[in-house]
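Each chain, written out:
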Amino acid sequence: MDMILQTLPQVLVDGLTLGAVYAVVAIGYTMVYGILEFINFAHGEIFMTGAFVGTAALLTMNSAGWLNGLPAGLAYFLILATAMLATGMLGIGIERVAYRPLRRAPKLISLISAIGVSFLLQDIVRFIADIRTGNFIVTGISLYGDNLKLGVSSLWSGFDDAFLKTNTIIVVAVAVVLMMGLDFFVNRTKWGTAMRAVAQDRETASLMSINVNKVIALTFFIGSALGGGTGVLFAQQYGTIDPYIGFILGMKAFTAAVLGGIGNIRGAMFGGLFIGVLEMFSSANLSVMTGGALGGEYKDVVAFLILIAVLIFKPEGLFGKAVKEKV
Amino acid sequence: MNHLKLWLGRSQPAQALLLTLFVLFTAASVYFSDKSVVAFLLLLGSLLLLYLTTFRTSIKWGIGAVLLVVVIPFATSGGPAHQSYMEVATQCGIYIAMALGLNIVVGFAGLLDLGFVAFFAVGAYTYAIFATPQANEFISGQLFPLPGGAFWIFIVLGGFMAALFGLLLGLPVLRVKGDYLAIVTLGFGEIIRIIFNNLDRPVNITNGAMGLSSIQPPSLFGFSFTFPNQFYFIVILILAIVIFSVKRLEHSRLGRAWKAIRENEIAAQSMGIPLIRTKLTAFAIGASFSGMMGVVFAAKQTFIDPTSFTLLESITILVMVLLGGMGSVPGVILGAALVTILNLQVLTELTNWINQLTLQGIIHIPNSISPSKMQRLIFGAILVLVAIFRPNGLITAKNKKVDAERLKTLSTGRSLSVTSPAKQHSGGVGQ
Amino acid sequence: MTILRVSKLVKRFGGLTAVGGVDFAFPRGKISAVIGPNGAGKTTFFNMITGIYTPDEGVIELDGASIVGVKPHQIVSMGIARTFQNIRLFGSMTVLENVMVGMHIHLKAGIVGTLLSLPAARHEEESVYLEAYRLLEFVGLQELLNEQAANLPYGAQRRLEIARALATKPKVLLLDEPAAGMNPRETAELIGLIRRIQEETGMSVILIEHDMKLVMELSEHILVLDYGTKIAEGGPDHIRSHPKVIEAYLGKSAVEGDNVRLEVVT
Chain C
1 MDMILQTLPQ VLVDGLTLGA VYAVVAIGYT MVYGILEFIN FAHGEIFMTG
51 AFVGTAALLT MNSAGWLNGL PAGLAYFLIL ATAMLATGML GIGIERVAYR
101 PLRRAPKLIS LISAIGVSFL LQDIVRFIAD IRTGNFIVTG ISLYGDNLKL
151 GVSSLWSGFD DAFLKTNTII VVAVAVVLMM GLDFFVNRTK WGTAMRAVAQ
201 DRETASLMSI NVNKVIALTF FIGSALGGGT GVLFAQQYGT IDPYIGFILG
251 MKAFTAAVLG GIGNIRGAMF GGLFIGVLEM FSSANLSVMT GGALGGEYKD
301 VVAFLILIAV LIFKPEGLFG KAVKEKV
Chain V
1 MNHLKLWLGR SQPAQALLLT LFVLFTAASV YFSDKSVVAF LLLLGSLLLL
51 YLTTFRTSIK WGIGAVLLVV VIPFATSGGP AHQSYMEVAT QCGIYIAMAL
101 GLNIVVGFAG LLDLGFVAFF AVGAYTYAIF ATPQANEFIS GQLFPLPGGA
151 FWIFIVLGGF MAALFGLLLG LPVLRVKGDY LAIVTLGFGE IIRIIFNNLD
201 RPVNITNGAM GLSSIQPPSL FGFSFTFPNQ FYFIVILILA IVIFSVKRLE
251 HSRLGRAWKA IRENEIAAQS MGIPLIRTKL TAFAIGASFS GMMGVVFAAK
301 QTFIDPTSFT LLESITILVM VLLGGMGSVP GVILGAALVT ILNLQVLTEL
351 TNWINQLTLQ GIIHIPNSIS PSKMQRLIFG AILVLVAIFR PNGLITAKNK
401 KVDAERLKTL STGRSLSVTS PAKQHSGGVG Q
Chain W
1 MTILRVSKLV KRFGGLTAVG GVDFAFPRGK ISAVIGPNGA GKTTFFNMIT
51 GIYTPDEGVI ELDGASIVGV KPHQIVSMGI ARTFQNIRLF GSMTVLENVM
101 VGMHIHLKAG IVGTLLSLPA ARHEEESVYL EAYRLLEFVG LQELLNEQAA
151 NLPYGAQRRL EIARALATKP KVLLLDEPAA GMNPRETAEL IGLIRRIQEE
201 TGMSVILIEH DMKLVMELSE HILVLDYGTK IAEGGPDHIR SHPKVIEAYL
251 GKSAVEGDNV RLEVVT
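Line by line, the protein sequences give chains C, V and W.
full-length UniProt numbering numbers the first residue of the first sequence as 1 and each following residue consecutively.
full-length UniProt numbering numbers the first residue of the second sequence as 1 and each following residue consecutively.
full-length UniProt numbering numbers the first residue of the third sequence as 1 and each following residue consecutively.
Be aware that a few hints might be false.
[Unchecked claim] Chain C side only, calculated, beta carbon under 8 Å to chain V, not exhaustive:
{"hint": "1", "residue": "62"}
{"hint": "2", "residue": "89"}
{"hint": "3", "residue": "92"}
{"hint": "4", "residue": "113"}
{"hint": "5", "residue": "116"}
{"hint": "6", "residue": "119"}
{"hint": "7", "residue": "254"}
{"hint": "8", "residue": "270"}
{"hint": "9", "residue": "297"}
{"hint": "10", "residue": "300"}
{"hint": "11", "residue": "308"}
The hints are simulated quantities; they were obtained by calculation from the structure and are not laboratory data.
Computed from a predicted structure; not experimentally measured.
Glycine included, C-beta positions come from ideal geometry on N, C-alpha and C.
Full structure from sequences and hints, please.
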């Protein structure tokens, strides 16, 4: 117990950072599901692509020698914007090519197409990374890598101090800004209203002269841009990326979306933070709690078990409304 | 050209002649050449040709058996590449059985299972743990490894264990609806891999990431199976049982119930079909095929570790089913054979060829895009393209057509017995 | 004699009371109807009887035994079969196979029997084909037995749903808007079919229907729902001139004129 409390500040810092990442990625799942009732399996790969695009942009700027003259904040902003734009367009393209032709097909078929896209993306990114750098595992340049100490031990002697990077603050701050921006967009703007209308009832929305295809494309753009931008945050935070980071992370973000009630944007934010903290907590404490029988390797198992439990017992999530199939 | 096709379609002697010539030609080329992938593939293609003939089903099965048991093993034995041919054929057999198992789940019952390889792993570990000294770690008495004769019991046991896992997994999972099921099975597949990867403590059961090596080869009356051309016959035998079972089940009460659930769950339960139980049988039977082949796989490889049971494997099997045609037994067999051959033969050969050209300095292609590493790209592309352009696969599933005339004759002069129970109750003698 | 009795039946969805305290007894071996304007709670009523929804309050008894809380697939075995308002056939299976699925509960073949092709399983399987074929003859679809169900014309799909429900050998047959989308000729054929079912099998038939001609011609007993409550019950003549029924269908002003009868609604 003492050990759990000791590490708690660090667990919370790491968990909330990871949770912010999950939350923003979860929004991508939830937005698409809300509108198409379809799990965009490739969303995790879009996140991964964003991480690579951002890192590539940074490495390019560095080798061109621009990085020295540029303030780190501006560089950060540039790579974030590049990655978001690129992945947003990628999202639109994927929807156009691989999902739209299947909108009237059985669910099973469009899911399979999405899985196909996700594998395609993994390999394409691997090729490009491998050809460019000679290795598909890429280490970028850390813009805000300096360490900070959070002196929580002075608050209570049972706590250990927590350490974080400057980047951690950026991750959380950017995630919050993105989520607030999205919340504003969806609830306060004309396009956001159209989006909510299409999510409610596609047919009726189209009768109200809303261009449904445009709204769907926009949804994919925003969802994917958020995912891609988070990829950049992730790459900056954890340093090393590879083409396979998206899959499991996507699964956990999806768990977050389900936990918060799929289709519910604020629910996804909560779900992400919860899963992030839980993952860090189990990573740090599973071994202690089970007397060494189970180690931190089981942290993914914990996340999946949550997913399964939620889907079985409360499929509408914590903040969603139950929908029954009309008979 | 069309005339020829029409004439061939009608004339069975012509078909027989063509098939015989084709088999003789390809078999001879395989026999007399040192190693010719093309000839070998064409020889396997004779099975597809056989499928396309209009012979009676029983005759097709007979010829097919002769081709598989006599012609192919003999034709490949002529050159140094014998074992590698047989290895490919054996792998094909293993994957066909797994794909047929997944086809029950995805194709018949319409449940997208993305963690199917877990059942293969269960079968493989069931044999591997007891056919190596590993089991001594948690069972006292130094009884292990079991002798190779136990293999035959373990085929059944592996199938049974996989089915049991299917039930345990299905019980919670099958309550989940539609596309969520895909995610949950994917999660479970990962969980099982993580567990196998870490179950070297607190009690060492799977030996963790180190895997299990020196697995006992099967033996029968003192004869030990070690080479692919020997495993080939084991696989053919199991595969025969699997295909036979699938064909029987497809057009049975259970098979119809699976398809009914796939088509419309609410209507299916309104016809008295228990949803969960029927889905569970699909899970368990599909899993058992995988489990049996897992045992064979472990014995053939003599070494297994968790890296053989990744998500990529599950997706590979899904590609086989989708490419061949969901719900179509001949289609799935074709799909599994094609994907396995693509994986083991075509991509490898292509890579070797490119490497040679690179060595000779003719072209330069970086190692990173060598074809043998392109599975994800190829499988991903197949999934997307088939889903969009040919969702029914290469061979579309066919419904069973019945002889209307026969039923008509049988039906005349009988009363409508079907509704009699209701009549009883209407007599007023409430139950 | 009553085959199916409901009393004080209530179903709420959130704040909305779809069915609010309905009492009714369906006579055995007769054709009855449940009518009412759109949204009156008719289909919810059927969904409770077939176990798809569990009622919040009240009793449903089939032959004196409660079926509240019994799972949908078990209710079929107890003797209630249904068709659906929005047709729910097994689209990519053949017409004959659809009916064969309906016979599921009366077949015993297990996995082992099927795999080993034991004589009992084989014999049963053969008789299934014949029985299913006879049901298709009964509804007049025998010529289409090898067609895919989804390719049938609309009217034929409705009849196939009835054949499939009959295959479960029910005591009570629930038909949810069987004439919806049919032209007058098809409706006339349907009336003949429903009458034949009742006459030749003695089955109790309960139907939901908007086509008043069909309802009045077939039903001996009618339950009228509006906003989830019973506003009238009785024979066709009684219902036709019942002021509350006319009000529910045509609005209050219609009642004030003399001699309004419900035929006009059709």
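For each hint, the structure was consulted:
1. Using the Cβ-Cβ criterion of 8 Å, the hint placing residue 62 of chain C at the interface with chain V is not satisfied: the shortest such distance is roughly 22 Å.
2. Nearest Cβ of chain V to the Cβ of residue 89 of chain C: about 18 Å, over the 8 Å cut. The hint is violated.
3. Violation of the interface hint for residue 92 of chain C is found here, the shortest Cβ-Cβ separation to chain V being roughly 16 Å, above the 8 Å cut-off.
4. Contact between residue 113 of chain C and chain V, as hinted, is supported at the beta carbon level, the nearest pair being about 4 Å apart and thus within 8 Å.
5. At its closest, the beta carbon of residue 116 of chain C sits 3 Å from a beta carbon of chain V; the interface hint therefore holds under the 8 Å criterion.
6. Of the supplied interface hints, the one on residue 119 of chain C holds, with its beta-carbon coming within about 3 Å of a beta-carbon of chain V, less than 8 Å.
7. Below 8 Å, beta-carbon pairs count as interface contacts, and residue 254 of chain C has one with chain V at about 6 Å; its hint therefore holds.
8. Hint status for residue 270 of chain C: violated, given a least beta-carbon distance of 19 Å to chain V, over 8 Å.
9. Given the 8 Å rule on beta carbons, the hint for residue 297 of chain C holds: about 5 Å separates it from the nearest Cβ of chain V.
10. With its C-beta approaching chain V no nearer than about 6 Å, residue 300 of chain C sits inside the 8 Å limit, and its interface hint holds.
11. Annotation: residue 308 of chain C was flagged as interfacial toward chain V, and the flag holds, the nearest CB pair being 5 Å apart, inside 8 Å.
Violation of the numbered hints given earlier is confined to hints 1, 2, 3, 8; the remaining hints are satisfied by the structure.
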